[in-house]
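Visitor: Given the coordinates of chain A, work out where chain B should sit on it, guided by the hints.
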Amino acid sequence: MATHLILKKIFKTGIVSEPAPAPGDGMRTRMQELQADILKVFGRALAIRHVDAGSCNGCELEIHALNGPQYNIEGLGIKFAASPRHVDVLLVTGPVSRNLETALKRTYDATPEPKWVVAMGDCGCNGGIFGESYASCGKISNVIPVDVEVPGCPPDPVTLLQGILAAVSGGR
Amino acid sequence: MKIADQNWNLGPLGRHIWRGRIGAAELSAFARSVKDEGGQLIALWGSDDRHLAPLSLEGRGAGGEGGGFSIHAAFITAAGLAWVSAELSVETPAYPDLAVIFPQACRMQRAAYDLLGIRAEGAVDDRKWLRHGAWSAESFPLRKDFSSEVVRELEACRSQLPPLTSIPGGDAYPFIRVEGDGPHEIPVGPIHAGVIEPGHFRFSIIGDRVLKLEQRLGYTHKGTEKRFEGMDLTTGAKLAGRVSGDSHSAYAWAYCMAVETATGCEVPERALWLRALFLEIERIANHLGDLGYLGNDVALSFGFMQFWRLKEDLLRLTQRLFGHRYLFDRIVPGGVAADLTDGSELLALADRLEPEVQELKAIYDEHATLQDRMANTGIVAPSLAARLGLTGMAGRASAQAWDARVQFPQPPYDRLEVNMSTHRRGDVLARAEVRFAEVYESLRLIRELVRGMPAGDLCAEVRLPETVAEGIGWVEGWRGEIVVAVRIGADGRLDRVHPHDPSWQNWPLLEVGILGNIVPDFPLINKSFNLSYSGQDL
Chain A
264 MATHLILKKI FKTGIVSEPA PAPGDGMRTR MQELQADILK VFGRALAIRH
314 VDAGSCNGCE LEIHALNGPQ YNIEGLGIKF AASPRHVDVL LVTGPVSRNL
364 ETALKRTYDA TPEPKWVVAM GDCGCNGGIF GESYASCGKI SNVIPVDVEV
414 PGCPPDPVTL LQGILAAVSG GR
Chain B
548 MKIADQNWNL GPLGRHIWRG RIGAAELSAF ARSVKDEGGQ LIALWGSDDR
598 HLAPLSLEGR GAGGEGGGFS IHAAFITAAG LAWVSAELSV ETPAYPDLAV
648 IFPQACRMQR AAYDLLGIRA EGAVDDRKWL RHGAWSAESF PLRKDFSSEV
698 VRELEACRSQ LPPLTSIPGG DAYPFIRVEG DGPHEIPVGP IHAGVIEPGH
748 FRFSIIGDRV LKLEQRLGYT HKGTEKRFEG MDLTTGAKLA GRVSGDSHSA
798 YAWAYCMAVE TATGCEVPER ALWLRALFLE IERIANHLGD LGYLGNDVAL
848 SFGFMQFWRL KEDLLRLTQR LFGHRYLFDR IVPGGVAADL TDGSELLALA
898 DRLEPEVQEL KAIYDEHATL QDRMANTGIV APSLAARLGL TGMAGRASAQ
948 AWDARVQFPQ PPYDRLEVNM STHRRGDVLA RAEVRFAEVY ESLRLIRELV
998 RGMPAGDLCA EVRLPETVAE GIGWVEGWRG EIVVAVRIGA DGRLDRVHPH
1048 DPSWQNWPLL EVGILGNIVP DFPLINKSFN LSYSGQDL
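Keeping their order, the protein sequence lines are chains A and B.
For the first sequence, the positions run 264 to 435 when this note's numbering is used.
For the second sequence, the positions run 548 to 1085 when this note's numbering is used.
Next comes chain A alone, as it looks inside the complex (with noise of 0.2 Å):
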């Protein structure tokens, strides 16, 4: 019974995926090393770790919408992988504490070349309301190389997503 219920939900709910929005590229922070090759090859099927270094859980809210039907991230070819060993990018959040800096480091050594990072939030790009303390290394660059950094508190999905794009479209 389960299934006929299912099928019938599915036909009349129809497809609510939106259109992908533009690369954002006025949050590059810096010019990327991209060549034409690799980014063929790449073209936009991407994989993302995401690490939450700290956050108060904000920003992994608009995460999770992204894998939503609206914005139907896989759709685009885009997903989110279970270890930074199989990713092109890390996607991360918060002010990094002081009590996850070093699995921070690993997970960016872990992680293969080409690699790009995205900082999400106001707390990645510039430490936001927690700042820097005893207990916060606050923004991720002071911890990692990051590449594009995406404010907001925190960046709805699609300011978000073009974040993400700008990140592995090069500087084109």
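Since the hints were made in silico from the structure, they are not lab data.
Listed below are the simulated EDC-like cross-link pairs for lysine to aspartate or glutamate, each with C-alpha atoms no more than 16 Å apart in a straight line: (1) A:K272 <-> B:E906; (2) A:K275 <-> B:E906; (3) A:K271 <-> B:E903; (4) A:K272 <-> B:E913; (5) A:K275 <-> B:E903; (6) A:K271 <-> B:E913; (7) A:K272 <-> B:E903; (8) A:K271 <-> B:E906; (9) A:K272 <-> B:D912; (10) B:K773 <-> A:E395; (11) A:K272 <-> B:E901.
Everything numeric in this text was worked out from a predicted model, so none of it was measured.
Guide: Just chain B now, kept in the frame of chain A:
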């Protein structure tokens, strides 16, 4: 105030909220009398009061601390929330262990030692909790004379990865090991496989069965409580809302309630109704998201997509009406910073969400695999829940019938007659059922709030107190009760703020709920609680 036939010298601090000071030696007796009448401990924290002269504390609500350290505890009793404090000497700051009476005190006591150096005497477990390797065992961040010199310069952060042995203070942590033939350990985290906050789980298993789970948290400790010190009251509301982002409105309201009590601010009625509207929107958004993930975790991605479609619709309307998808910074000291001009869209969405959620519930009810995975999985029996202090939504799924909106309603809940939903099974399915019921109830509340919203101002002026003043706020968030205690200094800035998340009590119950289950069910059980890391790591 009488608790279990004993008279304690507690006076009212707010509606259903009581305040008193007792001697440190009386703490155990007080806790026992709360326990005897069926109450619970909900929060425990410390403060450094050495900078406060005892004489400066004649002001409103202040309890008379000064000169030493204090231990504070908040209990839920038949009469409401009881906040008691006891003074501790500077030389040997210690108080009697409360974990023998309320086991949920254990981690809170360990955190109070890590941050303030006040010790629970006679505690069985005195391992560190929030301190990893970021500061030394001899320094205590929440002491007013905490020197930041002991903190490594940021330059050191930028250097290459230090070998593990060179981490200052050492990060070693003695896990409790299961010994004998056969069991082995699976270490998981701090960085997990999904989009989730960091923490470490140490499983001891035989085959696929879990013999023991031990958590180690504190990875997102970012010095939130220290950060409050010296902040102005308005910025404090923003930080309070970011203690755990998914409970933003609950924290911001609890913080503001505390500040308004301390300053004697009378909040306009319309602002209170809007706060309740925000809180119920937050509850629905979180429950919808988790119901989707519960489907996802039993391989029913249909459920995920459907519930997240509905959640996104709600978030977008929230953005359009109030200017923020998660209502960040919409609750401010004295009132609110956003108004509802036209409630028709909200009513229309509520009318659309309800039948859709019912439709999805019918599918969840019919789905054999889902039922098989969720029923009898991750059970916390009511007796255990009572003994260990399981609280909030998860508590209600294990027959712990507490909901501050029901028993101790703050305005406007005193006018709304909230219906509580409970279950006795205490498994993943029961927690899902409670969420469904709470979604329906919150949709009803949203309609009532929109239709009955009184006219009037949005915000009242908060007048800074001239002396040290204190207050406490208590709000039933979607996860459970959020408590924020605030002390404002004579300079009008925050002197000490302690935000308490219900995850403190509920994390240890996850260790219990997983016992005897198989490892692949852990993500499902974990999601059914969906506890906050940031809220307990602070």
